[in-house]
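Heads up: the sequence lines are chains A and B, in that order. In terms of our numbering, the first sequence has 157 at position 157, counting the first letter as 1, and numbering is strictly consecutive. In terms of our numbering, the second sequence has 273 at position 273, counting the first letter as 1, and numbering is strictly consecutive.
The hints are simulated quantities; they were obtained by calculation from the structure and are not laboratory data. By construction, the Cβ of each residue, glycine as well, lies at the ideal position given by its N, Cα and C atoms. Wrong hints could be hidden among the right ones.
[Claimed, not checked] Every beta carbon over 12 Å from chain B, so not counted as near; a handful from chain A, in silico: (1) Arg72; (2) Gly113; (3) Glu131; (4) Lys298; (5) Gln299.
[To be verified] For each label pair, taking beta carbons as the anchor points, the in silico distance ranges come out as: (6) Glu149(A) x Tyr153(B): 35 to 45 Å; (7) Lys16(A) x Ala34(B): 37 to 47 Å; (8) Ser151(A) x Gly154(B): 31 to 41 Å.
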Amino acid sequence: MGETILDVQNVKKHFKAGKHQTIKSVDGISFDIRKGETLGLVGESGSGKTTLGRTLVGIYEATEGKVIFDGRDLSKLDRKSKKMVNREIQMIFQDPQASLNPRMKVGDIIAEGLDAYRLKKGSARKQRIIELLEKVGLSPEHADRFPHEFSGGQRQRIGIARALAVEPSFIVADEPISALDVSIQAQVVNLLADLQQEFGLTYLFIAHDLAMVNHISDRIGVMYLGQMMELAASDELFAEPLHPYTKALLSAIPASEPSLRGAKERILLGGDPPSPIEPPSGCPFRTRCPAAMEVCAKQKPQWKEIKNEHYTACHLYG
Amino acid sequence: MPEVNDSMFKPVDRSRLRIRTKSRPVMGYWHEVALKLAKNKLALTGFFLLLIILTLSIIGPHLLPFTPSHQSLTEGNLKPSAKHWFGTDDLGRDIWVRVWTGARISLLIGIIAAIIDLIMGVLVGGISGYMAGRSRAGDRIDGFLMRIVEILYGIPYLLVVILLMVVMKPGLTTMILALSITGWVGMARIVRGQILQLKQQEYVMAAEKLGTSHFKIISKHLLPNMMGIIIVNLTFTIPQAIFSESFLSFLGLGVQAPTASWGTMANDSLGVVLSGQWWRLFFPALMISLTMFAFNAFGDGLQDALDPRSEK
Ligand code: SF4
Numbered sequence: 001m002g003e004t005i006l007d008v009q010n011v012k013k014h015f016k017a018g019k020h021q022t023i024k025s026v027d028g029i030s031f032d033i034r035k036g037e038t039l040g041l042v043g044e045s046g047s048g049k050t051t052l053g054r055t056l057v058g059i060y061e062a063t064e065g066k067v068i069f070d071g072r073d074l075s076k077l078d079r080k081s082k083k084m085v086n087r088e089i090q091m092i093f094q095d096p097q098a099s100l101n102p103r104m105k106v107g108d109i110i111a112e113g114l115d116a117y118r119l120k121k122g123s124a125r126k127q128r129i130i131e132l133l134e135k136v137g138l139s140p141e142h143a144d145r146f147p148h149e150f151s152g153g154q155r156q157r158i159g160i161a162r163a164l165a166v167e168p169s170f171i172v173a174d175e176p177i178s179a180l181d182v183s184i185q186a187q188v189v190n191l192l193a194d195l196q197q198e199f200g201l202t203y204l205f206i207a208h209d210l211a212m213v214n215h216i217s218d219r220i221g222v223m224y225l226g227q228m229m230e231l232a233a234s235d236e237l238f239a240e241p242l243h244p245y246t247k248a249l250l251s252a253i254p255a256s257e258p259s260l261r262g263a264k265e266r267i268l269l270g271g272d273p274p275s276p277i278e279p280p281s282g283c284p285f286r287t288r289c290p291a292a293m294e295v296c297a298k299q300k301p302q303w304k305e306i307k308n309e310h311y312t313a314c315h316l317y318g
Numbered sequence: 001m002p003e004v005n006d007s008m009f010k011p012v013d014r015s016r017l018r019i020r021t022k023s024r025p026v027m028g029y030w031h032e033v034a035l036k037l038a039k040n041k042l043a044l045t046g047f048f049l050l051l052i053i054l055t056l057s058i059i060g061p062h063l064l065p066f067t068p069s070h071q072s073l074t075e076g077n078l079k080p081s082a083k084h085w086f087g088t089d090d091l092g093r094d095i096w097v098r099v100w101t102g103a104r105i106s107l108l109i110g111i112i113a114a115i116i117d118l119i120m121g122v123l124v125g126g127i128s129g130y131m132a133g134r135s136r137a138g139d140r141i142d143g144f145l146m147r148i149v150e151i152l153y154g155i156p157y158l159l160v161v162i163l164l165m166v167v168m169k170p171g172l173t174t175m176i177l178a179l180s181i182t183g184w185v186g187m188a189r190i191v192r193g194q195i196l197q198l199k200q201q202e203y204v205m206a207a208e209k210l211g212t213s214h215f216k217i218i219s220k221h222l223l224p225n226m227m228g229i230i231i232v233n234l235t236f237t238i239p240q241a242i243f244s245e246s247f248l249s250f251l252g253l254g255v256q257a258p259t260a261s262w263g264t265m266a267n268d269s270l271g272v273v274l275s276g277q278w279w280r281l282f283f284p285a286l287m288i289s290l291t292m293f294a295f296n297a298f299g300d301g302l303q304d305a306l307d308p309r310s311e312k
């Protein structure tokens, strides 16, 4: 595996809710992302995956912990180098409706980064807009239109072009296909894969179920209630899941994708995930875990490498 | 229930499955708003009424050969006629001329109220909303501004005018001063709320992520997306200010006689309406009502037209 591009060390992001409560959206996560790979990040809504994504790109400031990009600690940069690093890390947003300003023309949306960094002006700017539109499978005349004239899939392409404009090396894609029709999802995933090939991009691809990230991810991380439950290479995770939560997620993949599901029994999880304001003591998953033991309530399981490159946090493996 | 079987299903005609691509002429947002507005009869009526009132407030007084303070005791209390279109009052002053001079005061108050709203309201609300949640200092600025707004919000305009009269004479200046103290808080709240909401939009996050400057985020992303709400709010605060002026002048707390204002004219007429001189009250009251109606009808229509979800 290649060298590390992003090193995440015990990152926490807490929000204040009212006077005395904190929402522990992300609560101590460590992992790394390697140059050129796609790391899939899976979790239910409320698991903190979007918050983690936004913290990694710098939209949110981490409450605790370090994010090291290309050897540089993001929290310790001066303004100038921060701006440069910012350019290299971009984001593709979830809602293609909300992520494009309805009052701006598509060309100006795509050129937003070019303008902010004063990269291109006049005809060079125009040229670059056309080039980017074509890269994402749209045509030059689309530049003069407004976002509402496009379909969801096309809008997501516009969002991708906007991120590409500043030539990033690392892109966080926050559920880029969840809001799209199933028939269009594959197109967007393929586009992302092609662009990765062409520009040597690294992705953190956030999704809410395993089936969605399987095709594109080299490795997959599973999040639950602000913490990472398991992290392994995709094949390994599907073939030999360790954590009870991962097993449950895998068993929930519909039978229409038998190759992914294997011959596993469906594990039904009871109840809803607990609130991140008052997470359970010990293991966050213990309230729904079919294998929960006494120790699970008392001690938080350690994040450990159980096998080569296969991490999990569970007392069953300890 | 009838049984469902295979024979009931037919393959869909392939040609109907074509992906719908929207291809209509490129149209700006405001262009679309104007089109929607043009189809709303009530709003259109309001708009043209406003135009007429505005025009007549400019040229109206010049259409008859009198000045608003021109008295002629021999021509007192005349009914509307070819010489005095709206009749005269007890001092023989022409009511048509006075009504349209009074309209100038009303519109002036309306315009000033709008300017105060735009400058103070948008500025305070904008700073507050933009700073909120940005940093600890930002939160403090937001908290401080909103505390002021809350305090002012609780003080009625009428009370401020009366309090100001302790130190000032009643008149246009007093009313304008009172308006600048309290008139903008509603706008400030609305703008702040809008900004807080817009800041959560992913396109604003994307802009920040791309390194767009604060100035551009405000001018390109926030303001254009709030314009509608700001304008709609104006179409409600302007008539409110106009009505307050008339009302205060009517009570004798606003513009003072002999200056013509719809309120003072209505007040003057109180004693004589019952003795049959209906035109003395009718025309100023009609103008107040028409102006209120025109603004509200137009404002309502505008609100609908600005809502992107409403179809043409
Ligand atoms: S630590 Fe205990 S509760 Fe948590 S997943 Fe493992 S077995 Fe289940």
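Hints versus structure:
no.: 1; hint: Arg72; in the structure: holds, 17 Å
no.: 2; hint: Gly113; in the structure: violated, 4 Å
no.: 3; hint: Glu131; in the structure: holds, 18 Å
no.: 4; hint: Lys298; in the structure: holds, 37 Å
no.: 5; hint: Gln299; in the structure: holds, 35 Å
no.: 6; hint: Glu149(A) x Tyr153(B): 35 to 45 Å; in the structure: holds, 41 Å
no.: 7; hint: Lys16(A) x Ala34(B): 37 to 47 Å; in the structure: holds, 44 Å
no.: 8; hint: Ser151(A) x Gly154(B): 31 to 41 Å; in the structure: violated, 49 Å
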